[in-house]
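Go ahead and model the full structure; you've got the sequences and the hints to work with.
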Amino acid sequence: MATSEEFAVSRRGVIVGGTASVAAMAIAPSGVGAAENAPQAAAVPKAKMALDVNGKVHELELDTRTTLLDALREHLQLTGTKKGCDHGQCGACTVIVDGRRINSCLSLAVMHEGEKITTIEGLGLPGSLHPMQEAFIAHDGFQCGYCTPGQICSAVAVLDEIAAGIPSHVTGDLMDRPKVTGTELRERMSGNICRCGAYSNIIDAISDVAGVKA
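Number 175 in this note's numbering belongs to position 175 of the sequence shown; there are no gaps in the numbering.
Accuracy of the hints is not assured; some may be wrong.
27 Å max Cα-Cα, derived DSS-like pairs, lysine-lysine [claimed, not checked]:
| id | residue 1 | residue 2 |
| --- | --- | --- |
| 1 | 83 | 46 |
| 2 | 56 | 116 |
| 3 | 46 | 116 |
| 4 | 213 | 179 |
| 5 | 48 | 83 |
| 6 | 83 | 56 |
| 7 | 83 | 116 |
| 8 | 56 | 46 |
| 9 | 48 | 116 |
FYI, nobody ran anything at the bench for these hints, they're computed from the structure.
All figures in this text were calculated on a predicted structure; none of them were measured in a lab.
Okay, here's the thing in structure tokens:
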């Protein structure tokens, strides 16, 4: 009959044995059959497209998940359009598409093939500035300047919206055409945030271009 000494196992032996068993189990899957069970990387979906930006057509092949903002900045090097919140809340990425302003961070590039896209570079460059750009300079409508491209693109589109008779939430009688007033401009520009607080000067600049007194 076996004695108790024959069955004696040290605490160290138990730990060593258990560790070896766990290691063996962890190593086993990497052997036979591991290649068959490994998940395969999904192919990146890409699409060929032509984007008409600032009057020039660009042929691109992009991941279909690429935003218009990233297409402009990373693929066309049009870095005037800024990435701010990347959630459509600050307006720094505002561009004009077929005459309407949009947040380019919330829109996929593939959605805009065949449309005319205008960025801050397409409005004007040094030596040939857009009147709105000149007004922002004259009225000191910026401080750090980060949000300024989006502010200017939005301001240009705002005056076009008012001229087209598109009402806002503060337009009084919807049967009347909206007018360029301080109240209208503040409401329409509310989606463009200026953390430096140059709002009053921005309104003055837009009013100047519109030929009215805010």
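Outcome of the hint check:
1. 83 - 46: This hinted pair holds, its Cα atoms lying about 23 Å apart.
2. 56 - 116: holds (9 Å)
3. 46 - 116: Given pair residue 46, residue 116 holds - Cα atoms ~22 Å apart, limit 27 Å.
4. 213 - 179: At roughly 12 Å apart (the allowed maximum being 27 Å), residue 179 and residue 213 satisfy the hint.
5. 48 - 83: holds (24 Å)
6. 83 - 56: holds (22 Å)
7. 83 - 116: Distance ~21 Å between residue 83 and residue 116 Cα, so the pair holds.
8. 56 - 46: Roughly 22 Å between the alpha carbons, so the hint for residue 56 and residue 46 holds.
9. 48 - 116: Holds, because 17 Å separates the two Cα atoms, which is no more than 27 Å.
Consistency note: the structure conflicts with none of the earlier hints.
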